[in-house]
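Enquirer: In order, the protein sequence lines correspond to chains E and G. For the first sequence, position 139 matches number 157 in my numbering, and the numbering has no gaps at all. For the second sequence, position 17 matches number 69 in my numbering, and the numbering has no gaps at all.
None of these hints come from the bench; they were simulated from the model. Misleading hints may appear alongside valid ones.
Simulated crosslink set (DSSO-like; lysine-lysine; CA at most 27 Å straight-line) [unchecked claim]:
hint, chain 1, residue 1, chain 2, residue 2
1, G, Lys-343, G, Lys-301
2, G, Lys-114, G, Lys-225
3, G, Lys-134, G, Lys-114
4, E, Lys-130, G, Lys-305
5, E, Lys-126, G, Lys-305
6, G, Lys-305, G, Lys-343
7, G, Lys-262, G, Lys-299
8, E, Lys-195, G, Lys-262
9, E, Lys-119, G, Lys-305
10, G, Lys-415, E, Lys-195
11, G, Lys-343, G, Lys-362
Some residues of chain G that are not near chain E, with every Cβ distance over 10 Å (derived) [to be verified]:
hint, residue
12, Val-151
13, Leu-275
14, Asp-296
15, Leu-345
16, Arg-370
17, Tyr-392
Only some residues are given here: those of chain G computed to face chain E with a beta carbon under 8 Å [claimed, not checked]:
hint, residue
18, Leu-266
19, Ser-267
20, Ile-309
21, Thr-323
22, Thr-327
23, Gln-330
24, Ser-348
25, Ile-351
26, Val-353
27, His-395
28, Leu-413
29, Gly-416
All C-beta atoms in this analysis are idealised placements derived from N, C-alpha and C, irrespective of residue type, glycine included.
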Amino acid sequence: MKRMWIIVALFLVAPGLLFTVSCAKKKVVSEPGISEADKAAAEKAREEELARQRALEEQRLKEEEAMRKKLAEERARFENEDIYFEFDSATLLPMAQEILKKKAQYLKANPKLSVVIEGHCDERGTNEYNLALGDRRAKSAMQFLIDLGIPASRMTAISYGEERPVDPGHNEEAWAKNRRAHFVIE
Amino acid sequence: MKRMAQKWMAVWMMLVTGWGLVGFAGEARALEYIDINNPFLKKMPIAVPVFKVQSGEEAHLKIAQEGADQLARTLDFTGFFKILDRDAFLEDPQRMGIVTPRIRFNNWTAVGAELLVTGGLDISGEALSVELRLYDTFKGRLLVGKRYRGAKADLKEIIRRFCDEIIYSLTGKHGIFTSRIAFVSSGTGNKEIYVCDFDGGNIRQLTRTKAITLSPAWSTDGLWMAYTSYVNGKPDLFIWNLKDKRKFKVAHKGLNITPAWRPFKAELAATFSWTGDQEIYLLTATGKTIKRLTRSRGIDVSPSWSPDGKKIAFVSKRSGTPQVYIMDVDSRQVRRLTYYGRHNTQPAWSPTGDRIAYTSLEKGVTNIFVVDVEGKAPVQLTHRSGDNESPTWSPDGNLIAFSSTREGPSRIYVMTALGTDQRRLLTLSGDQTNPAWSPRNKGE
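Isolated chain G, as found in the complex (with noise of 0.2 Å):
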C-alpha cells in the first residue's frame, strides 16, 4: 500500500509539469454540449483518431493505437458519447494536423465528428511527452489542450486524467475514471470483497475471510471500508482503514450489519438487533454507538446518506410491507416515500441529491427503480432480464452499478442513470453482488 501510495505521488509529480497548452480564451461553456439534466438523450458523436507519433517508430505507433483506443473506451464508458469508426475518416492519423490552424475540420464534420480528440506523442527511451486536445469540429474551436510528462507506464494514468479534464469541459463536473467499485464475488467458495477500477479493469481481493462477507461501503474520501462478515460465526461489522489496516468491530449480539458512511463526517449508519428489534443507529468511525435513530417496532434497514450528509433513506417495515422511508436526522421526522409495490428495498440516494434509486420485488422478479426525493414518478430502469438489485451510483449520478442473474448467475452490470447502455462490467468465476461505488478519488 506504502508503495502504491509512493507510485501515485511520483505520477503527481510528473503530471503537475505538464501545462494547458494554449489560451483558453475559446473554451466554451460546459451545458452547450452535454445538457447533465438530460445527457443520455443524444450522444455526442466524437472521432478518437491514432495519436500522431513524432518518431514514426513501429514499436511507438502501437502505444500510440492503444492509448487511442484507451481513451475512446474510457470515453464510450460514460455512456455520453458515440465513437465513430476510424475506417471511415478522411485523414490519416499520422499526417493529419493536430494543431488548430493546421487540422482540416470540414474533414471531420464530413464524416459526422462533432467533438475530435487529436493527440501527439513524443517518445525517447522511458520518457514520454503527451499532448492531447479536445476540438469542437463545428465552431473550429479548442475545448481543452494539455501536456504531460512521464515514463511510458504512466500513459494509462494520463489518459484516464485527460479524459477526466473532457468531461469537466463539456458537462462541468468532473468524471469518474478514478473511481472503484468494490463488490462481493462467491468465486472461492466464499462470499469475498474484490474491488476493480471504474471500467471493471485491474481486479483485486480485498479480504480474506473464509467466511460469509458482504455488503461493502466506502467511506467519502475513500479510504476507509466497513463491511459485515461471518468470520466469527455471526454478522460483525467491520470498518477498515484500507491504508494503514486499522481496523474495528462492532460485535452487538445478533445483527451488526448495511454499514453507510455519512458524507463529510466520520461517522456512519449501520443496524443492529442487539435489543431484539432491527433498528438503525448512527456510529462513530470506530464503531461507537453515537444514537439511536430509528424507534419502530419491526425492520428498520439498509441506511442510504443523502449527499449532504442530513437525510437517510431506509427500508422498513412499519406499514406492513417493506417501503422506503426518508428520515431526517436531526429531528428523526419521517416520512415515507415509496407506495407503489410491495416489496421495495436497497435504497441508494444518488449524489447529486435529487433522485433515489432502490429495488423492487414484483411476481417473483426483481427490479431497479428511480424515483425523486419527493416519491413522485418512479421509473423502472430494468425489464425482463432476471432479478436485478443494488443499485450503487457513479460518483458523478450519471451512471449505476448493479448485479443481475439475465445471463444466469448474478454478475455486476453498469447503465446510465436513464437506464440505457446495459453492459456487464466484468466477469469472474462464481456469483458477483452487493457493488458500491467509490468516491471520485481526488488524488491521494
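Bound conformation, chain E alone (with noise of 0.2 Å):
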C-alpha cells in the first residue's frame, strides 16, 4: 500500500519537476531581454500581423462580393436574356440557340435552380391562339434544354399568350421585341 503511494506521487511530482526546469529556462532567455524597443518592435510586428489579417479579410470580402456580383449578373443574364421568334412560328432561329446553349451552360452550373419558361407573342392573330402559340415557344425552348441535358422536372412552361407585351407599340419593331420566351428562376 505504501509504495502505490509513493508511485503515485512520482507520478504526479515528476512532470511538474519537467515543468519547473522549462519556465526556468525561459526565465534566463527573455527576462533580461525586455526593453522599450523591444516592446514597440513587438508592438509593431501584432499591429502589422493585425493589418495584414484584416487586409486578407477585406481582399476575401471582395472575392466573395464580386463572386457573388458575378453570379447575381449571371443570373440577370440568364433572366433577362430571351429569345425571339418570327410571326406565327415556335421554330428556334440559330441565335436563339446560341443563347439557349449558354442557359443550358448555367443551369449546369447552378444544379439547385429551377426555371420557368414563358411562352410570349405579339398581338396579331387572335388571343386563344396565342396562347397555344406561346405554349408551342415556351415548349420548343424547354425540349432544346432538354436535349442538352437538363432534366425536364427543373423547367415549367407557361403561355402568357399576347396577354403580357414588353413593348405595348402596334408596330413591327414592338412585334419582334414580343415574340419571345422569357426565362425565370424560380
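The two chains are supplied separately, each in an independent frame; assemble them into the complex guided by the hints.
Expert: Encoded structure:
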C-alpha cells in the first residue's frame, strides 16, 4: 500500500519538476532581453499582423462580393436574355439556339435552380390561338434544354399568349420584341 | 343571387296574370313581315307613339314616354326596323285611338308606318297595368296584343317581354331581349369577366381574380360559366355555377383554355397541352376528361359546337397555317372549312346551324368573316376599321357581337349577321375583349 502511494506521488511530481525546469529556462532567456524598443517592435509586429489579417479579410469579402455580383450578373443575364421568334412560329432561330446553349451551361453550373419558361406572342392573331402558340414557343425552348441534358423536372412552361407584351406598340419593332420566350428562376 | 331569383319569380307571377287581348283570329303569318333568311334587306318602318295615360297626370306621362322610348330602342337594336320620327306623326298620342275600331290607320300609313305599336298605361299608386298592341297599318289588323299587371318597377321587364312577342309574331322566332353578353375588361388593371344585358345596359363585374382572366363561355341553360384564369399563376380552367356559386377547377400542366359548352348536354370541350401538344378534349361539366377529340401534331384549339351538339368547328395548324376545321365528334371525322386566307381562327357556329363566323388575319389586320358550313362563299363583314375579333352570335342568329379597335382601345360592338348596323355596345375604361353572347333566358 505504501509503495503504491510512492508510485502515485512520483507520477504527479515528476512532470511538475519538468515544467519547473523549462520555466526556469524561459526566464533565463527572456527576462534580461526586455527593453522599450523590443516592446515597440513587438507591438508593431502585432499591428502589422492585424493589418495583414484585415487586408486578407477585406480581400476575401471583396472576392466574395465579386463572386456574388458575378453570380447575380449571370443570373440576371440568364433571366434578361430572351429568345425571339418569327411571326406565327415556334421554331428556334440560330441566335435563339446560341442563347439557349448558354442557358443550359448556367443551369448545369447551378443544379439546384428551377426555371419557368414563359412563351409570349405579339398582338396579331387572336388571343386564344396565341395562348396555344405561346405554349409551343415555351415548349420548343424547353425541349432544346432537355436535349442539352437539363432534366425536364427543373423546368415549367407557361404560356402568356399576347397578354404580357414588353412593348405595347402596334408596329413591327414592338411585335418583334414581344414574340419571345422569357426565363425566370423560381 | 337568391334575392334576385325571388324577384324574378315575383315578376313572373304578375306577368302570368296578364292575358292575351282580343281574339287572335287575324294573326298574320310570320314570313309576310320579316324574311328570316334575309331580315335586313328592307327595314320595317314602325311607329311607336308615346303610350296613352289613363290618368293624364304629368308624372305618369313621363313614365309613358320612357316606356315608349325603351320599346323603340329595344326594337331598333334588332336591326329589323326603321323607327319613325314622332315629330312627323299626325295623331296626338294622348287622344288617338289605341284599339282597333278607333285607330285611324290612314293617318299612320300616311307617315310611312307599316307597323304601329300602341300602349295604354294605367297607374294607381305603385301598381301598374299596361296594354300593348302591335298592328299592321295597311291591313288594319292586330298582330299581337297583351295586357300586363305589375309594380311600376316592372315596366322595363314588361316592355322587354312585349318586344319578344313582337319579334315572335313577325319572325316566328323568339327575340334576344332576355339574353346577356359576358366579356373581358381590363378596367381594374387586370382582365376580369363582366356581364351586361343584350343592349349593353346593366353592367356587372363577375370575377375578381386580380389576375388575367379570359374566354367566358355560357352553358346552354345560361346557369354555368367556364373561363380561363391565371389566378394560380398559370392558365387554369374554371367551371362556375352562377346560381349556387359551386366552382370546379381544371389545372393540368400547361394550357387549360378555350372552353365551349356542348348544347343539350352537361359537357364541354376545351384545350389542354399536358401531353406536350395542344389538343381538344371532351369534359364532364365538373371538368373530368371523357375523351381526347383531336389527334394531330401541332396546335388544335378554340372549339365551337354546332347547335345540334354533334360537331365542333375548331382551329388547327395541321396544314401549316391556322385554319378552321369541322369534326364529327362521334366518328372523329375531320374536314377543312376555310381555304381562303392564311390565318383563320376563332370559329363561332351560328345558332341557326348553317353558318360559321371566324376571324381572318390578312396584311396585319384582323377581320370577321362568315362562311356557310360547306365552306363556300366566305363573306367579309368588317372592313378598314381596326382589328375585329371574337365574333359571338345572338341566340336568334341575327346579330353578331365582336371586339374592335376601330376607335383606338378595344371595345365591344354589335352588327347584324350581314355586317350592317355596326355600333358600339358600351363604353368602359380599359380594353374590352372576348364577348360571349348568352343563350336566351327562358325565364329562370
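Enquirer: Hint by hint, say whether it matches the structure.
Expert: Status of each hint after checking the structure:
Between G/Lys-343 and G/Lys-301, the direct Cα distance comes to roughly 18 Å. Compliance with the 27 Å bound is thereby established for this hinted pair. Restraint check: the Cα-Cα separation between G/Lys-114 and G/Lys-225 comes to about 32 Å, which exceeds 27 Å; the hinted pair is violated. Of the pairs offered as hints, the one joining G/Lys-134 and G/Lys-114 holds, with about 24 Å between alpha carbons and a cut-off of 27 Å not exceeded. For the proposed pair E/Lys-130 and G/Lys-305, the alpha carbon gap of about 22 Å is at most 27 Å, so the pair holds.
Proposed proximity of E/Lys-126 and G/Lys-305 is supported: the alpha carbons are some 24 Å apart, at most 27 Å. Distance hint between G/Lys-305 and G/Lys-343 is fulfilled; the C-alpha atoms sit about 17 Å from each other, no more than 27 Å. Taking the CA atoms of G/Lys-262 and G/Lys-299, the gap is near 17 Å; set against the 27 Å cutoff, the hint holds. Only pairs whose Cα atoms come within 27 Å are accepted, and E/Lys-195 paired with G/Lys-262 is accepted, the gap being roughly 26 Å.
A threshold of 27 Å between alpha carbons decides the hint, and for E/Lys-119 with G/Lys-305 the separation of about 25 Å falls inside it, so the pair holds. About 19 Å separates the Cα atoms of G/Lys-415 and E/Lys-195, which keeps this hinted pair within 27 Å; it holds. Under the criterion of a C-alpha separation no larger than 27 Å, the hint pairing G/Lys-343 with G/Lys-362 is consistent with the structure, at around 15 Å. Every CB of chain E is more than 10 Å from the CB of G/Val-151 (nearest about 53 Å), matching its label as outside the interface.
For G/Leu-275, the non-interface assignment is confirmed: its Cβ lies about 24 Å from the closest Cβ of chain E, beyond the 10 Å cut-off. Residue-level check passed: G/Asp-296 sits 28 Å from the nearest beta carbon of chain E, beyond 10 Å. Distance check on G/Leu-345: its Cβ is at least 15 Å (rounded) from any Cβ of chain E, clearing the 10 Å threshold; non-interface status holds. For G/Arg-370, the requirement that its beta carbon stay farther than 10 Å from each beta carbon of chain E is met, with the minimum near 13 Å.
At roughly 17 Å from the closest C-beta of chain E, the C-beta of G/Tyr-392 stays outside 10 Å, upholding its exclusion from the interface. Interface restraint check for G/Leu-266: the shortest CB-CB distance to chain E comes to about 7 Å, inside 8 Å, so the restraint holds. Evaluation of the G/Ser-267 hint against chain E yields a held restraint, the C-beta minimum of about 6 Å falling below 8 Å. Given hint, G/Ile-309 at the interface with chain E, holds; its Cβ is 5 Å from that chain's nearest Cβ, closer than 8 Å.
With its C-beta approaching chain E no nearer than about 7 Å, G/Thr-323 sits inside the 8 Å limit, and its interface hint holds. Interface restraint check for G/Thr-327: the shortest CB-CB distance to chain E comes to about 11 Å, outside 8 Å, so the restraint is violated. Checking G/Gln-330 against chain E by beta carbon gives a least distance of about 4 Å; that is within 8 Å, so the hint holds. Hint on G/Ser-348 is violated. Least Cβ distance to chain E is approximately 13 Å, over the 8 Å limit.
Given the 8 Å rule on beta carbons, the hint for G/Ile-351 holds: about 4 Å separates it from the nearest Cβ of chain E. At its closest, the beta carbon of G/Val-353 sits 4 Å from a beta carbon of chain E; the interface hint therefore holds under the 8 Å criterion. For G/His-395, the interface hint holds, since its Cβ comes within 8 Å of a Cβ in chain E; the closest pair sits about 6 Å apart. Checking G/Leu-413 against chain E by beta carbon gives a least distance of about 6 Å; that is within 8 Å, so the hint holds.
The criterion of a C-beta within 8 Å of any C-beta in chain E is met by G/Gly-416, whose closest approach is roughly 7 Å, and the hint holds.
This entry does not satisfy hints 2, 22, 24, going by the numbered hints stated previously.
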